[in-house]
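Student: These are the residues of each chain, in order.
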Amino acid sequence: MDLTRRGFLALTAAAGAGAALGGCGSATPVASTGPVLSGAYTGPPVTIQYWNGFTGGDGPAMRQLVDDFNASQDLITVRMNVVQWAQYYQRVIAAVHAGKGPDVGAMHVEQLATQAARQTITPIEEVVTEIGLDETQYPADVWEAGMYNGSRYGIPFDVHSLGSYANNALLERAGITAQATTGDELEEQLAAMVEAGLEAPPFWMPNRWPSHLMFLSLLWQFGGEPYAEDGSAATFDSDAGVQALTWMASQVDKGFSPPNVAPDSQYTAFKNNEVAYTWDGIWQINDLQATELDWSLAPVPTIGTEPAVWANSHQLVMFKSRQPDDNKLMAGKAFVQFLTENSAAWAAAGMIPARSDARETPEFRDSPQAAVAEAIPSMRFLPTVAAVGEVQAQTLETAVGEAILGIADPAAALAEQAERATALMVGNLRKFER
Amino acid sequence: MSETGLRTATGAGAAAGDADQVKAEPRAPSTAGNNNRDGWLFMAPYLVLFGVFVILPTLFGLWISLHDYDYTLAEKPFVGLDNFTGLLSGDSPFATPFWDGMQATAIFTLGSVPLLLVLPLLVAMAMNLKFRGRNFFRAMYFAPYVLGVAVIAVLWRYLLDTNIGLVNHYLDLVGLSAVTPWLTQLPWAWISLIGVTIWWTLGFNTVIYLAALQDISPELYEAAKMDGATAMQRFTNVTLPGLRPVLLFVTSVTIIASVNMFGQAYLMTQGGPGQETRTAIYQIAETGLTSFNSGVASAMSLIFSVFLSAVSLAVFFLFRERTPNRSKQTALTNQKGGAA
Amino acid sequence: MSSTVTRTSTTRTSGAQATTSRGSSRRGLLYVLLVVLTLLFISPLIYMLSTSFKTTADAAATTPQWIPSDPTGQAYDAILNTDGTPVVRWFLNSLAAATLQTLLILVTAAMAGYALARIDFRGKKIVFAVIIATLFIPPVILLIPNYLIVGRLGWLDSLLAVVVPGAAGAFGVFFLRQFFLGLPVELEEAAAIDGATRWRTFLKIILPLSRPALVTLALLSFLTNWNDFLWPVYVLFSPENQTLPAGLSTLQNANAVRYDLLMAGAVIASAPVLLLYLAAQRYVVEGVGRAGLKG
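Protein chains in written order, with this note's numbering: chain V, 1 to 434; chain Z, 1 to 340; chain F, 1 to 295.
Please note: incorrect hints may appear among the correct ones.
[Stated by the list, open to error] Only part of the chain F face toward chain V is listed, based on derived beta-carbon distances under 7 Å: (1) 151; (2) 157; (3) 237.
What the hints contain is simulated information worked out from the structure, not anything from laboratory work.
Note that beta-carbon positions come from the ideal geometry of N, C-alpha and C, so glycine has one too.
So here's chain V without its partners, still in its complex pose (with noise of 0.2 Å):
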């Protein structure tokens, strides 16, 4: 036998090649929900995927809802899966795609745009009616939050925004008895507190996480918006932008609040009896609830000219896949239906449920997220414009951090990211269009 040189290579790189593009199953997941589901699920055992990003004070909740539905029934068993929402997103998109993604997923609403144009979650109209849901048991922005395109992809689960959080001895070591509604009384309690000698500064400015949001929550109450709905320019450069952060920033120069505070570090000092107010999502209320700290809860105050303030919603959906299973989706739509049925449940993760009558009961009304669901009609969410939430984790995030680190001002931070917040959306729109 003699190969010669130029067939072995010839042979080996067509080895390679055929390996490398073959690859099995069909590349692009597809979309289906399967047969309809009429009263329980009647097929064979069968174990779902369930994934979500609930890490803090919200996972007990979810974890126990879930063993509530396996313990339900024998047919199906759910796994869950959690993982931190900041690296969820990317790591279902490539799950899915690799051809091993999970069944059934929360997510936020914002979400939806980018995983539907990214081919990970399937429209799930048909769903809706056969678990038996409709329009009228949510309210408007929150259902119509679901769609994209046209299509429905989620099913709202919960609401869920930001709130003040207060620590009342503080409060009251400086004679204040209630919290803050609006700008002016906040400046004065925040510099009431300074006086009356608290060991640390009474209100801490984070640079990461939650600052964006809170940022958001300002912009809107100063009149202006982050994004156009088309998705096609980035506005939160506005003036209405450049009043919010650099209200944030002055928290600093005010010394309410310390500089460079590490990131969670405002909300564990909050834990740790330190901080008299803190903002941050309502999901910690359980995280709260297991110390012994005196703790209130409100709506943020109105520090711009109209009440507003960030809110997003956890939505249910179905994941595509490479190779739908029937009886999968028929037990993902059993779990939905049962995750929607008993979402009053979900109020004790400190969400608020999405369901209306959920919000009536009198276990929800002696909850401490009760005071903020007042502000529901206040509540504003980003519009639903695709990779919206990459742009934003790559420019305005950056903006904001900056801003409040003192590395650069406000104005001139906004204006830069938001130029390269506009380049990236366009070229957003292009990509997803075609």
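On the provided structure of chain V, position chains Z and F as indicated by the hints.
Tutor: Showing chains Z and F alone in chain V's frame:
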């Protein structure tokens, strides 16, 4: 530090040292045809791996860089050299973060490499002195190196925590600031990243230096002493030339490891504050795999490689064999009976 | 450099610099210096171990404790029993990946290295040149294309992704080729005269002689794979399939401020390597030294 470092450095050494190899390849008594068959059969398993995971991706990467490539979308249109021109001219929205990343890599490399070349040498020289227990100390200094970057970074993130970290606690005890933001503010973030990297990999360079130092024949030092050479002169004329064989290797490996830094930034500072400590590799991985802009990221990696090649060539020239001196040194070494 | 294979640097008892009689106080100073350095290198690891046995509150206390005031195994308990952080799986995955890749490297690199060193076949120079050339390709160039290739093969999120692609590096081939070149040719010529085939010569004569080099390569490859971080972070997503470094990253993301958990995870990730190191440190350290000299 990784296999990649060893690989590329070995390549440098290969090109440099190959000239020394005695080219006495044996003529096997079997026929040329048998040789061909045997040769290719022995190479085959490796070549399959090599073809699929080195050659193919290199070509594929070039191809991707010429497209607007997003693997989650159906279409990946050809864009020619737009990815490159966009990055080089600054027009692309990815240009600023990329060049910021290159700058971050440069800062880290310039900050860490000199220290990683000099400090281990000092330690190795100390360890080369006559005393008992050398192996024990050598084992201790090398120990952190066997732990991966994940363990190191998670551990040091804790030790450098502003409020509860061990480092700030001890600094406070000696009267220095108790709240240095080691990981959240510049320039501390760089100092932390560089410091931790030195702690982690100093042992590796020390061990190599030590091996080379121990190879230097003691008679050379005695001869130099008898000639009246001072300690400094002994260092310059005996130690340094004796280290030449490993200097190229150590320098290459260290530079390559620094230039490829990713884990420490990813785990300790998350590229922060802002994105100041986001190195080029970090940016490329994020752009190509987290944000799915694989075309741009491939172009970034090619531009990065050009820079790296330039640096490698410079190092190579710095340490190339300047033949006249070296043969004198080799002759001297051989004469004194030391092993070459 | 030299081609003597069996020399170990620790047989040298003399240091390079002769010491004089004032050396004893100098030596004392030296010992102090070396001990201080040792503490600097080892104490963080001790603190890591100690923290892994603290309560959550103690681990986050503003006054660090070297010895836990209330030692408890709760952190280990929590880690080992949480669904989302299957540390034992991570450990087994790492072990499997490192072992398999090491074997793959040893087999392919030994065969290829031998061919390049001893067999005269057509096209050899070109093949060798190409392989050497790739030593200069920075791995980042291959990151994204390999990710896509591995995805097409269906290997993402599986053991294959962390075993196979990494074995294609040229270092092993080059290292072993250098070593084989240094072996005396007479042995093979004698075997050939006796009628042994290439393969038998390789298997029965060359390989046994190459044990030091093979052991060095094995240790280096195992260590490299065990500690590999960038690649596994991107190609492994499900918790059950991650290796220890990627898993540690997940652990940190999910428990940013629970340092007791993080330290327990770090201990679990480092204990096996440290034990292996303590047992085999002579091989590892000397192997590295030798690699440096020969490079």
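Student: All hints are to be evaluated individually against the structure, with a verdict given for each.
Tutor: Hints, one by one, checked against the model:
At its closest, the beta carbon of residue 151 of chain F sits 5 Å from a beta carbon of chain V; the interface hint therefore holds under the 7 Å criterion. With a least beta-carbon distance of about 5 Å to chain V, the hint placing residue 157 of chain F at the interface is held under the 7 Å criterion. Annotation: interface hint on residue 237 of chain F holds; nearest CB of chain V at approximately 5 Å, less than 7 Å.
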